[in-house]
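Student: Given chain W's structure and the hints, the job is docking chain Z with the ligand onto it.
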Amino acid sequence: MDFDFEKPLQPLRDKIDALVAKSRRGDPTAEAALAGLRKQLAKESASLYARLTPWETVQVARHPGRPTARQYAEKMCDEFVELHGDRVCADDPAILGGLARIGKTRFLLLGHQKGTTTEERIACRFGMANPDGYRKADRLMKLAEKWGLPVVTLVDTAGAYPGLEAEARGQGEAIGRSLLVMAGLKTPILSIVTGEGGSGGALGIALGDRVLMLQFAVYSVISPEGCASILWRDGAKAPEAAAALRITAKDLLRLGVVDGIVPEPEGAAHANPDRAIALVRKAILDNLADMMANAPVGDRLVEERFRKFSAMGKFDPKKAVKA
Amino acid sequence: MGWFTKTTEPREQAALPDLWHVCPACQAHVFKDEWEAALKVCPKCGHHDRLSARERIGLLVDPGSFREFGTEILPSDPLGFSDAKGPYAAKAAAAVKKLGTSESVVVGSGNVEGTRVVLAVMDFRFLGGSLSTGCGEKIALAIQHAIDFNRAFVMVSASGGARMHEGILSLMQMAKTCAALQRLERAGLPYVSILTDPTTGGVSASYALLGDVNLAEPGTLIGFAGRRVIETTIKQKLPDDFQTAEYQLEHGFVDAIVPRKELKARLAQLLAFRMK
Ligand SMILES: [Zn+2]
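Chains as they are written, first to last, in my numbering: chain W, 609 to 931; chain Z, 353 to 628.
If we strip away everything but chain W, and leave its shape as in the complex, we get (with noise of 0.2 Å):
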């Protein structure tokens, strides 16, 4: 069991086993029962996701089994050539880039590295990037504009590593850099959240002309933690806090900071990474398709971006505060 919320489902889960540890003993009488079990399973499973609350579903976004970017990466892509480095000092191991290729499609892919073992884990700071990793960004996103390739970014990150040699290096103008860059990129970037959508660390690589969040992903402006630390004086009232910051991919959706949702399977992508994997390549696909064939070039396309962004949070007198 993953999560204190799935504990429902144990019951079924527990005849589930048994049944499997019978039909391997040769019952043939399991086989039958076991099949309408697995149905039910997955149906209630399907209600149980349906239903989470915000604070819930930043735990499934930060499940440890969900793709990593170097999964999708190497999975998702027929090809994928990683280039290394932001010509600058370093090259950050927690923002993978590189040239990929889906089929026909050709596009620049980086995203945030999370890790699945525990040393890669710890070299990449769990996907908290340093400012070498929003120059290496940077420095790719002018490649793929040279050189005529779409833009792919997954976004999956607590936030910017707060470390020493991060402020030494200029945390703050890396972060700000990659968001002019992106504002200016003349080829179309597609954004999205695969997990963990954390603050400016995750908004660094993510100012797409498109930007889409998987099903159980999460985005915020703040983690819940922190806010219910600041705001409630509390971390413990971190729940209260998420439900209030609005960082499901609905809310987003809503709010309009989101343009679609990338369904997961069932039980969420940690349950089925390869499922997850597949529908995340046909959301680049698809999206990437129309993109190329609707999108506007040059500075038309990096005029519309421009309106995409100022039109977040654009003043409406009749919602203003009553002062």
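To be clear, the hints were calculated from the coordinates, so they are not data collected in a lab. Don't take each hint at face value.
Here are the simulated lysine-lysine pairs, BS3-like style, with alpha carbons at most 25 Å apart [to be verified]:
no., chain 1, residue 1, chain 2, residue 2
1, W, K927, Z, K449
2, W, K651, W, K615
3, W, K926, Z, K450
4, Z, K443, W, K930
5, Z, K449, W, K930
6, W, K712, W, K754
7, W, K651, W, K858
8, Z, K443, W, K926
9, W, K845, Z, K443
10, Z, K437, W, K927
11, W, K916, W, K750
12, W, K926, Z, K449
Tutor: Just chain Z with the ligand, lined up with the frame of chain W:
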């Protein structure tokens, strides 16, 4: 307890603050009028105290030349946000009423030693100078005004970061303001960014450090992540000068540290180099 026992309790210093200003940096008691005449800079240690947006504008632009716009843009409450202390809408409305600015930034055009510029000046007293939808809107409006009238853009930052009460839409103001700056860039117009205490979080990670020229007042706190968060993460103590303007100068992120009394002249000096 009898009334006379009160005399043994420590005397409150209630009479002092009217006449005196106590420097938060060096604890020196200085005459308030002298301190104000020195633009709220401590005559003993040089500590630059925070200014309101209007005080800052008074300091930077020629008398009578400032024309404010965007005052119709007030805070909004897009999420219907409420925390332990109650609804955000009430808090925001109270800030507007108390401070007399429509948001955490004041925008307008004015002359700097005769050169017409567009300014956006943040006010830290307004909910910690937080970047909200209204604040982002006003800054984007100011940048567009600079483009429309072919003027340089001057940004004065003073902010603790994004206003979390507006959730993801406040984060998106980082994108909005940077997209506007990208437009300013394409129009070939100068952008001078002045960083004042404090410039942190989402503001440091959007427009504040993207100036053609970045100036900072002495001692200004400039950084992305908070000191405590970093110390907890890396489990070591940070140097005292960490994230100060002086530290940022040494690390290549600001062009110069300019004392408050020289700021206007320096700005005018820079703007005079604009040849087109
Ligand atoms: Zn002092």
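Student: Measure nothing beyond the straight line between the CA atoms of K926 (chain W) and K449 (chain Z); if it is 25 Å or shorter, mark the hint as holding.
Tutor: Roughly 18 Å separates the two Cα atoms, so the pair holds.
Student: Does the alpha-carbon distance linking K449 (chain Z) and K930 (chain W) stay inside the 25 Å limit?
Tutor: Measuring from Cα to Cα gives roughly 10 Å; hence the hint holds.
Student: Next pair to validate is K651 (chain W) with K858 (chain W); report whether the Cα-Cα distance is within 25 Å.
Tutor: 21 Å, holds
Student: Hint check: K916 (chain W) vs K750 (chain W), CA-CA at most 25 Å. Holds or violated?
Tutor: 21 Å, holds
Student: Below or equal to 25 Å on CA atoms is what counts here, so check K437 (chain Z) against K927 (chain W).
Tutor: With a Cα-Cα distance of about 21 Å, the restraint between K437 (chain Z) and K927 (chain W) holds, given a limit of 25 Å.
Student: Sort out whether K449 (chain Z) lies within 25 Å of K927 (chain W), counting only the CA atoms.
Tutor: With Cα atoms ~17 Å apart, K927 (chain W) and K449 (chain Z) stay inside 25 Å; holds.
Student: Do the alpha carbons of K845 (chain W) and K443 (chain Z) lie within 25 Å of each other, as the hint requires?
Tutor: Within the cut-off at roughly 20 Å; holds.
Student: Hey, K443 (chain Z) versus K930 (chain W), does the alpha-carbon distance stay inside 25 Å?
Tutor: Within the cut-off at roughly 11 Å; holds.
Student: Keeping to a limit of 25 Å between CA atoms, is the pair of K651 (chain W) and K615 (chain W) held or broken?
Tutor: At roughly 15 Å apart (the allowed maximum being 25 Å), K615 (chain W) and K651 (chain W) satisfy the hint.
Student: Holds or violated: K443 (chain Z) and K926 (chain W), Cα atoms, limit 25 Å.
Tutor: 18 Å, holds
Student: Do the alpha carbons of K712 (chain W) and K754 (chain W) lie within 25 Å of each other, as the hint requires?
Tutor: Since the Cα atoms of K712 (chain W) and K754 (chain W) sit roughly 19 Å apart, the hinted pair holds (cutoff 25 Å).
Student: Check whether the Cα positions of K926 (chain W) and K450 (chain Z) lie no farther apart than 25 Å.
Tutor: 22 Å, holds
Every hint, counting from the list given before, is met by this structure.
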